[in-house]
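Q: Sequence:
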Amino acid sequence: MKLGILGYFGFGNYGDELFHQVWNKEFSDAEVITFEEVTGIPKCMHSEPADREKFVDNIDALLIGGGDLIRPQGKINYWYKELLSKPVFLYGIGVATWLGHEKKVIAQIVEFLKNDAVKYIGVRDIESYNWIAKQAPSVVEKLYVTPDIAFSMDRVSVQKPKQKRVGIITRHQKNYEPNRIEQMRKIVDIYVECGYEVVEILASTGPEKEWDIEGSRSWDLKIPVKTFETDEEVTKAIAECSLIYSMKFHGCVVGLAHHVPTVSLLKTDKFVNLYKYLRLDTWLIGGDKRKIKFEKPESPRPQLWNNIDTLIGFSRSSLLSLKLQITAEVNK
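Each residue of the sequence shown is one higher than the last, beginning at 1 in UniProt numbering.
Don't take every hint at face value.
As the list claims (entries may be wrong) - Pairwise CB distance ranges (calculated):
| no. | residue 1 | residue 2 | range |
| --- | --- | --- | --- |
| 1 | Q163 | E82 | 47 to 57 Å |
| 2 | A133 | R185 | 38 to 48 Å |
| 3 | S138 | K332 | 17 to 27 Å |
| 4 | L304 | P137 | 27 to 37 Å |
| 5 | K276 | E36 | 33 to 43 Å |
Claimed, not checked - Derived DSS-like pairs: lysine-lysine, alpha-carbon spacing no greater than 25 Å straight-line:
| no. | residue 1 | residue 2 |
| --- | --- | --- |
| 6 | K114 | K75 |
| 7 | K119 | K2 |
| 8 | K25 | K86 |
| 9 | K134 | K103 |
| 10 | K142 | K323 |
| 11 | K134 | K276 |
| 12 | K296 | K164 |
| 13 | K226 | K236 |
| 14 | K142 | K119 |
| 15 | K2 | K134 |
| 16 | K142 | K86 |
The set of hints was computed from the structure by calculation and includes no laboratory data.
C-beta: ideal position from N, C-alpha, C; glycine also.
Start from the sequences and build out the full structure, keeping to the hints where you can.
A: The structure is reproduced here in C-alpha cells:
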C-alpha cells in the first residue's frame, strides 16, 4: 500500500515531527509518502492543482493529520478537491477556532469534509467535534474524537538527574509582552531559590529551532538553554525533568505522557481543551504574571497518571482501528 500523508512535516516543529514518526511506525508495512517527496513542494498550500493531482496519482489512500489543520480563517491549507480522487482519512485534527472565521473558507472546508471520498474524520477534542458537527451535520456518522496522536508513542527510558530539574519550554512569539517575560523570570527565580536546576528547553529542530533560538534571546531568562538535533533528544530532555512549564502543546502532551507534572503557559483552545478534559485547570496558567503555580515535583498524583495511562491506551487502540479501516478501504 502507498499511503500519502499531509501535514506540517519537515520544518522541525516538534509535534508535527512526532506525528510523522507515528505514521512511519504505524504503517511500517506500507510505503508512507509525503507531498514534498512526490511534488518537490514543501507545503500543499503553495501547490497548483496539477501538483495535487500528481500526488494523489502516486498513492492508494490519503491520511491528513494531525494538528490544527482546520483553520476557519485565511488561506486554505489542505482542503482541495483534487485530493479527493482517492480515499481520504483525517486523524488527530484540531480546529483552530481562536483564529476567527471566514464564511468562504468554512464553506470550502465543509464541502471537502462532506465528500464521499472522506471516509473518517478523527479530531483530538470534543470542542473540535462540536465545531465540525455544527458546520457540517451530515458528517457526524464518520466523525470521531480520539486522543492526540503523540499520546500513542512509547515512553523513553531516562535517568533523572540527582538535582531535580525544572524545564521551561519556550517558543518564538510575534510579540514579547513585558507581563509574559516577568512571569517567566519569576518562575525561574522561585525554583532556583528552592534549590532546583532550571533549564530552558527549545522543543524544535531544523528551521523551527532557529526561530526558537531567536525567541530565547528575547526571553533572556539567564538559565542554560538546551537545543537539540533530533526529536528523540527533545523527548528525552522533557522526560528527564521533574516538572515542566510549557509554551508548546506537545511539550505538554509528552511531559504528561511521561508522568511529568506539566503546567501550560498558553491558553489557546488546544491547551484549554486538553487540560479541562484531564481536570487540570489549575495547571493552565497562561501568560498572567500574577500566576506562577508553584508545584512540588515529588507530590504523589496516582489518579492523574492512571488517567493519562488510560488516554495512552485509548490513543493506541484508536490508531489500530484507523489502520484497519485504511487497509480495508484500499483492499476493496
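Q: Are the hints correct? Go through all of them and say.
A: Against the structure, the hints come out as follows:
1. Q163 / E82: 47 to 57 Å: The hinted range 47 to 57 Å holds for Q163 and E82, with Cβ atoms some 55 Å apart.
2. A133 / R185: 38 to 48 Å: At roughly 43 Å between Cβ atoms, R185 and A133 fall inside 38 to 48 Å, so the hint holds.
3. S138 / K332: 17 to 27 Å: holds, 23 Å
4. L304 / P137: 27 to 37 Å: holds, 36 Å
5. K276 / E36: 33 to 43 Å: holds, 36 Å
6. K114 / K75: The hint holds at about 20 Å.
7. K119 / K2: Roughly 17 Å between the alpha carbons, so the hint for K119 and K2 holds.
8. K25 / K86: holds, 22 Å
9. K134 / K103: holds, 14 Å
10. K142 / K323: Roughly 15 Å between the alpha carbons, so the hint for K142 and K323 holds.
11. K134 / K276: holds, 21 Å
12. K296 / K164: holds, 10 Å
13. K226 / K236: Cα-Cα ~12 Å, so holds.
14. K142 / K119: holds, 7 Å
15. K2 / K134: violated, 33 Å
16. K142 / K86: holds, 17 Å
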